[in-house]
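Asks: Taken in sequence, the protein lines are chains A and B.
Mapping to UniProt numbering: the first sequence position 228 is 228, numbers consecutive.
Mapping to UniProt numbering: the second sequence position 14 is 14, numbers consecutive.
Since no wrong hints were added, every one of them can be taken at face value.
Below, simulated BS3-like cross-link-like pairs (lysine-lysine); rule was C-alpha separation at most 30 angstroms, straight line:
#, chain 1, residue 1, chain 2, residue 2
1, A, Lys3, B, Lys143
2, B, Lys220, B, Lys182
3, B, Lys143, B, Lys157
4, B, Lys143, A, Lys188
5, A, Lys156, A, Lys83
6, B, Lys157, A, Lys188
7, A, Lys31, A, Lys156
8, A, Lys188, B, Lys182
It is worth saying that the hints were derived from the structure and are not from the lab.
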Amino acid sequence: MDKDFAARRRRDLIIAAALAAIAALTPLFVKDVVVQNILILTLMYAGLSQSWNILSGYCGQISLGHALYFGLGAYTTELLFTKFGVLPWFGMLAGGVVSALIAMGLGYPFFRLRGHYFVIATIVIAEIGLLLFHNWEWAGAAMGITIPIRGDSWLKFQFLRTKLPYFYFALALCCLAWFVTWWLENSKWGFWWRAVKDNPDAAESLGVDVFNSKMGAAAVSAFLVAVGGSFYAQFVSYIDPESVMGFQFSLLMALPAVLGGIGTLWGPVLGAAILIPLTELTRFKFGGSGRGVDLIVYGTLIVLISLALPRGLLSLFSRPKKTGATR
Amino acid sequence: MTALLETRGVWQRFGGLVANSDVSISVGRGEIVGLIGPNGAGKSTLFNLIAGVLPPTQGSILFDGEDVTHMPAAARCQRGIGRTFQVVKSFETMTVIDNVIVGALVRNTVMREARRKAHEVLEFTGLAARADVLASDLVPAEKRRLEVARALATEPKLLLLDEVLTGLTPTEAQTGVALVRKVRDAGITVLMVEHVMEIVMPLVDRAIVLDLGKVLVEGKPSDVVRDPKVIKAYLGDRHAVGA
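Work out the full structure, taking the sequences as your base and the hints as a guide.
Replies: Here it is in structure tokens:
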């Protein structure tokens, strides 16, 4: 049994390495900039959704406010860069730390809430963050921040002539989020999170520090999402409140995980691989004003999935467990 | 020799309702003690006070020589109090072995050791064959067993069992009784709340009868069942005279 378990873990790692290697080679064959763009976004959302999954999937604290951490990552990086000349790499780290701290600060009161009340709180907090940035003159208010172009360089992490560096960073982010999840899954924290999700009272009686489990999950989750936000800001080189902190980001982090299988290792990657290209293609097909259409497409998709496969697409692949055989 | 568990003048009020009044009991090391009484006697409340779900309104609780009155449940688990729930609270989306690993992590920080410990406990409780099944797929008797297994994995000094034998078929109950004996033989003290007198009485060393929030009688099971006060509490005045 233990051997089975260890073998399964090793198999996951090998599959991930193989997929990453294949992904790393795609730019050799895919030269189309539009397609490259879709690949970058798919990898980014896979990583974001994987990070969201840590708090909401594993630990069961459903957040629909992760746009806040995405935006904080973007803003911290660009404010530090434009106002103080701090390199984006440090800004990225700073954004992650700021987001993790804020996630814990918010967790302190809100982790006392359970179920829907917690979800509502996350939505409200993210909206408040959005409004604050809308009105914060120093941070560009509604006008946002245009990232000054200083020429292609890894040091400043900006590239005009090629998208490849962004592609590889998005791939690295996705791999990092996956690996962190894989690693934590078989750790004390991973077990504590799942226990907290399933039954906090029972978890408490087994010595689980329920409150700090949630805090830990929130910090890891927010940190990784902020790194994603920081990357996105560099990638699009212009940010304003709506374009990095809007509610759609919260949804786009949650939906791939829900589609693929919430609280599973592979769910977010699978969900993102289906959902993001679909979203981008519908948006591309129906033009700039087609925003509503892509929302309709994946709204329909989510309805279908929740009707047919409430545990996500991955549940199609899991072996049926033998039940009721022995007493 | 001090008792493993002691409650001193414990009171619990819920608004105007007094669930426990001036309850002082003690449980010695290696004992199996039954906490019995009619519905609404305050058994579950006392049980929850000992497990640390809520602090008592008044009085104190001592465990292993330490005052744990205001200690939260998780900390009590670390001190060596394990419990089961009357309404089973399995981690439904996790497998049986994973459920037990959560308990084992209290004393084993290395995952491999926690896993080994969990397998050991599953072997001990007779659930080994079901290790890789989801907890939601267990039959009710197995879920009860899982509750016990999870608590045992925390390596408790005192195991609190909340109606683990209630609602089982006679055969299942007998297996349960055998398990409780095995637990005690492994050196773990047991305090059990139980409804079914004929199952629990032959099992326990000592019975404490609660009625209307107070300790009514305590003593050897054979004496307790003959006590007119106990019969009156369970069956009413009419039967007490006849006894």
